[in-house]
Amino acid sequence: MLSRIARNTFELGQQIERTENIARLLEVNEKMTVQEDLSAELDPWTPLLAVTRSLDAYQQEYAEVTQARVINYLLWDDRHPYSVSFCLSRARLLARTIRERISEEMWLLLNSMYHDLHKLRHIREQHEFNWKIQQFCNAFHGLAANTMVHGHTWQFLQLGMVLERALMTCRILEMKYHILLPTAADVGTPIDLHQWQGLLRSVSGYEAYRRLYLARIDPANVVNLLLINARFPRSVHYCIQQAHQGLKGIGMYNEEQFRLFMGVEEFLEDLREGIDGREILAAGLMEFLQTMQERIEGLIGATHRAYFNSITVTIIDEQQRRLAIQIPQQ
Amino acid sequence: MPMKSKSEELFDCCDAAPFDELLGSTGTVRPVYRRAVDYFQQLGVSGTEDLQQSADYSLLNQGVTFTVYSDARGTEKIFPFDLMPRILASREWQHIEAGVVQRMTALNLFLEDVYHDQKILRDGVVPTRQVLGSSLFCREMTGLNPPGGIHVHIGGIDLIRNQTGAFHVLEDNLRVPSGVSYVVENRWVMARALPELMANYRVRPVDHYPQMLFESLVSLTDNPKPTIAVLTPGIYNSAYFEHSFLADQMGVELVEGQDLLVDQDVLYMKSIMGLKRVDVLYLRLDTDFLDPLVFRPDSLLGVPGLMNAYRAGNVALANAPGNGVADDKALYAYTPEIIRYYLDEEPILPIIPTYLGSRPEDLRHILAHLAELVVKPTDASGGYGLLVGSHASSAELEQFRERLLARPEGYIAQPIQQLSTHPSFLEQEGAKGFFSRHIDLRPFAVCGADGTVKVLPGGLTRVALKRGSLVVNSSQGGGSKDTWVLRAGSREGDDA
Numbered sequence: 008m009l010s011r012i013a014r015n016t017f018e019l020g021q022q023i024e025r026t027e028n029i030a031r032l033l034e035v036n037e038k039m040t041v042q043e044d045l046s047a048e049l050d051p052w053t054p055l056l057a058v059t060r061s062l063d064a065y066q067q068e069y070a071e072v073t074q075a076r077v078i079n080y081l082l083w084d085d086r087h088p089y090s091v092s093f094c095l096s097r098a099r100l101l102a103r104t105i106r107e108r109i110s111e112e113m114w115l116l117l118n119s120m121y122h123d124l125h126k127l128r129h130i131r132e133q134h135e136f137n138w139k140i141q142q143f144c145n146a147f148h149g150l151a152a153n154t155m156v157h158g159h160t161w162q163f164l165q166l167g168m169v170l171e172r173a174l175m176t177c178r179i180l181e182m183k184y185h186i187l188l189p190t191a192a193d194v195g196t197p198i199d200l201h202q203w204q205g206l207l208r209s210v211s212g213y214e215a216y217r218r219l220y221l222a223r224i225d226p227a228n229v230v231n232l233l234l235i236n237a238r239f240p241r242s243v244h245y246c247i248q249q250a251h252q253g254l255k256g257i258g259m260y261n262e263e264q265f266r267l268f269m270g271v272e273e274f275l276e277d278l279r280e281g282i283d284g285r286e287i288l289a290a291g292l293m294e295f296l297q298t299m300q301e302r303i304e305g306l307i308g309a310t311h312r313a314y315f316n317s318i319t320v321t322i323i324d325e326q327q328r329r330l331a332i333q334i335p336q337q
Numbered sequence: 077m078p079m080k081s082k083s084e085e086l087f088d089c090c091d092a093a094p095f096d097e098l099l100g101s102t103g104t105v106r107p108v109y110r111r112a113v114d115y116f117q118q119l120g121v122s123g124t125e126d127l128q129q130s131a132d133y134s135l136l137n138q139g140v141t142f143t144v145y146s147d148a149r150g151t152e153k154i155f156p157f158d159l160m161p162r163i164l165a166s167r168e169w170q171h172i173e174a175g176v177v178q179r180m181t182a183l184n185l186f187l188e189d190v191y192h193d194q195k196i197l198r199d200g201v202v203p204t205r206q207v208l209g210s211s212l213f214c215r216e217m218t219g220l221n222p223p224g225g226i227h228v229h230i231g232g233i234d235l236i237r238n239q240t241g242a243f244h245v246l247e248d249n250l251r252v253p254s255g256v257s258y259v260v261e262n263r264w265v266m267a268r269a270l271p272e273l274m275a276n277y278r279v280r281p282v283d284h285y286p287q288m289l290f291e292s293l294v295s296l297t298d299n300p301k302p303t304i305a306v307l308t309p310g311i312y313n314s315a316y317f318e319h320s321f322l323a324d325q326m327g328v329e330l331v332e333g334q335d336l337l338v339d340q341d342v343l344y345m346k347s348i349m350g351l352k353r354v355d356v357l358y359l360r361l362d363t364d365f366l367d368p369l370v371f372r373p374d375s376l377l378g379v380p381g382l383m384n385a386y387r388a389g390n391v392a393l394a395n396a397p398g399n400g401v402a403d404d405k406a407l408y409a410y411t412p413e414i415i416r417y418y419l420d421e422e423p424i425l426p427i428i429p430t431y432l433g434s435r436p437e438d439l440r441h442i443l444a445h446l447a448e449l450v451v452k453p454t455d456a457s458g459g460y461g462l463l464v465g466s467h468a469s470s471a472e473l474e475q476f477r478e479r480l481l482a483r484p485e486g487y488i489a490q491p492i493q494q495l496s497t498h499p500s501f502l503e504q505e506g507a508k509g510f511f512s513r514h515i516d517l518r519p520f521a522v523c524g525a526d527g528t529v530k531v532l533p534g535g536l537t538r539v540a541l542k543r544g545s546l547v548v549n550s551s552q553g554g555g556s557k558d559t560w561v562l563r564a565g566s567r568e569g570d571d572a
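Order-wise, the sequence lines are chains C and D.
Add 7 to the 1-based position in the first sequence for our numbering, that's all there is to it.
Add 76 to the 1-based position in the second sequence for our numbering, that's all there is to it.
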């Protein structure tokens with residue numbers, strides 16, 4: 008498989024996943040602020056810009072944070088890498104470069120979503136729009152699972168998807184940290200619980216939570232579900248497990264690739280060791296999430312170095328032996 | 077004017093050329109078109125419109141698009157597709173096929189000759205200046221031996237029918253002819269949109285083109301399990317869809333310059349497992365950009381060292397670099413002589429009388445008759461920079477006159493040809509219907525290392541969608557229609 012094709016496939020997985028998670032993040036906001044009396048005191052839109060790493064860029068353009076503007080920014084601003092419109096255009100561009108590698112059905116779905124996106128602008132109901140985006144992304148993954156050969160291309164698509172998802176799950180959890188309650192006394196109140204519930208719903212985790220931990224919403228268990236649980240498909244643990252499988256499937260052909268694999272294995276060990284949501288909350292959720300995101304970003308960078316950017320050059324030594332050496336590209 | 081029967085009322089023929097593909101000289105439908113006319117008559121305008129819309133929608137969804145250069149955003153458009161097929165009887169096709177084979181064979185011999193012994197120049201059949209002085213002559217190819225001495229592996233020969241109804245060669249495309257993917261895609265769309273009509277005709281298939289191409293590429297290497305790749309300039313190229321389509325259909329890798337590297341005169345592609353040797357490269361990139369060490373040094377699209385690997389015989393290139401010298405618009409004037417010289421045969425397909433700016437007496441004729449001629453730059457393609465005298469304003473004529481005088485050898489001129497017309501389903505003055513539009517035909521041929529030329533039965537029929545326009549290029553607002561070549565012995569095949 009060509010390195011460039013591998014890189015584009017990986018990024019396609021990332022972009023589709025990112026598209027879905029922007030929709031999910033908008034959903035968290037809607038669900039957290041649905042109670043009128045509270046929304047007056049809360050500004051959920053600045054945090055949303057913060058977790059999508061868009062605050063600086065946004066503030067350079069607009070003086071004021073308003074709901075309509077932020078939503079418009081995260082959905083339609085083509086210049087902004089965390090907008091649905093940008094991610095989908097980019098995804099389609101990437102898919103064009105690997106059209107012969109993905110199935111016809113995947114291409115048709117993505118291409119028609121791209122062409123229809125601007126028709127969705129008229130949808131007044133934000134929830135309906137988010138729902139359409141999430142449906143599209145999941146249909147895409149479903150087609151990938153069911154219509155593609157599960158070879159290298161598929162593995163790279165998955166790898167991009169799960170690493171992006173792990174990152175975004177951390178960011179969704181960050182939202183709760185950012186949307187602080189007006190007073191400490193509100194912790195544990197119906198409002199607080201309502202927010203945790205909204206967060207669970209936005210990652211399709213509410214049903215899973217109830218099956219595992221029953222009706223009582225305990226923040227420690229929410230953290231457990233989203234970070235530590237190995238069976239919930241949006242948890243960090245699950246994603247890293249999948250990345251581990253993916254790299255095994257792709258195979259390792261040089262030292263850099265082997266080192267990446269070891270890095271994922273180490274991460275997995277740490278997640279398996281049984282840290283608990285309660286400990287994480289006690290030690291500081293925000294710090295923990297920061298560390299996790301740094302590790303995931305480290306893995307993404309290492310994937311680029313190991314599989315996409317390096318080239319092998321053969322040289323002939325004085326005994327006329329051909330040697331292969333790996334040179335990372337700038 | 078003869079009375080029109082009811083079925084002809086569907087067709088608005090007021091713009092029909094002296095030779096119309098569908099209507100004979102007496103104004104009646106040619107026999108090969110009888111069934112098609114009846115079919116569309118039954119469908120009516122609204123029925124055809126429904127089919128056209130679903131066909132367009134499926135082309136857009138499939139991403140069968142091309143990129144328009146002049147548009148800064150690189151907007152993709154679908155290549156407008158016209159549902160009304162062009163139908164060629166088997167006898168008509170046999171004539172075209174023989175003419176294309178003859179032409180490809182002669183031009184291959186010409187290229188092998190000009191890059192080796194140059195006998196044709198020494199015998200004075202083609203002026204030495206015309207060949208060696210051409211910017212398209214590639215010195216790096218001299219003395220180089222491509223497999224089987226074949227330079228043109230993929231050719232597209234543009235044909236038109238003029239007022240006499242006879243097919244004439246308009247130009248040869250021996251470098252990177254494009255459009256064959258539309259031939260295949262158009263047929264798929266037609267088979268979905270008009271299955272009943274197609275079943276009524278015995279149409280020869282075209283979707284085996286990728287196999288034809290594959291066989292020709294495989295013949296260029298001795299490796300029994302060769303690695304073949306298609307080299308594209310990238311997704312922003314107007315023909316990217318085709319590059320991707322062909323690679324996919326052949327099951328080979330689609331590569332960009334950045335994916336390739338030459339080491340010790342061997343071409344490799346960079347894969348996640350390290351380097352993989354490439355045996356045959358199908359070039360969809362102009363020679364100029366191929367190798368920055370040899371050609372344009374600023375090219376980022378090519379592969380440094382590629383020409384060395386080629387020269388060393390470690391990789392085969394299709395088409396061979398340097399073919400431009402044989403499809404140059406000025407050399408075109410000499411092609412009948414080239415065919416006679418190498419094959420000792422009369423050209424099967426005539427060319428259009430051509431005046432060369434480089435010949436003083438021709439130049440005088442061009443300047444005196446500018447308004448009756450089509451003037452073309454010799455070094456451009458895609459219909460860019462040409463002048464149709466009868467359609468130009470006096471200011472445009474004056475401007476062109478100056479350009480001609482400044483660089484006469486850069487231009488050729490031909491009498492304006494009354495391209496044949498064909499009914500097209502489109503909108504005119506706000507109403508949908510079948511209106512006459514000018515068309516041409518580009519058959520595609522491939523040639524393996526053994527020199528056998530195979531012509532795909534069909535080809536790209538391009539339509540000048542603008543009323544009265546003679547320019548069919550997709551970049552200039554042209555569209556296309558499916559071209560049906562009927563099997564020999566078809567009920568209506570041989571009495572056209």
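Treat the hints as calculated values from the structure; they're not laboratory data.
Watch out, some of these pointers could steer you wrong.
Taking lysine to aspartate or glutamate and the DMTMM-like style, the derived pairs with C-alpha atoms no more than 20 Å apart in a straight line are [claimed, not checked]:
#	chain 1	residue 1	chain 2	residue 2
1	C	Lys38	C	Glu111
2	D	Lys301	D	Glu329
3	D	Lys352	D	Glu272
4	C	Lys126	D	Glu329
5	D	Lys352	C	Glu263
6	D	Lys352	C	Asp63
7	D	Lys542	D	Asp114
8	D	Lys352	D	Asp374
9	C	Lys38	C	Glu263
Comparing the hints with the structure gives:
no.	hint	result
1	C:Lys38 with C:Glu111	violated, 36 Å
2	D:Lys301 with D:Glu329	holds, 14 Å
3	D:Lys352 with D:Glu272	violated, 48 Å
4	C:Lys126 with D:Glu329	violated, 36 Å
5	D:Lys352 with C:Glu263	holds, 19 Å
6	D:Lys352 with C:Asp63	violated, 45 Å
7	D:Lys542 with D:Asp114	violated, 26 Å
8	D:Lys352 with D:Asp374	violated, 26 Å
9	C:Lys38 with C:Glu263	violated, 43 Å
Violated hints, in rising order: 1, 3, 4, 6, 7, 8, 9; the structure is consistent with all others.
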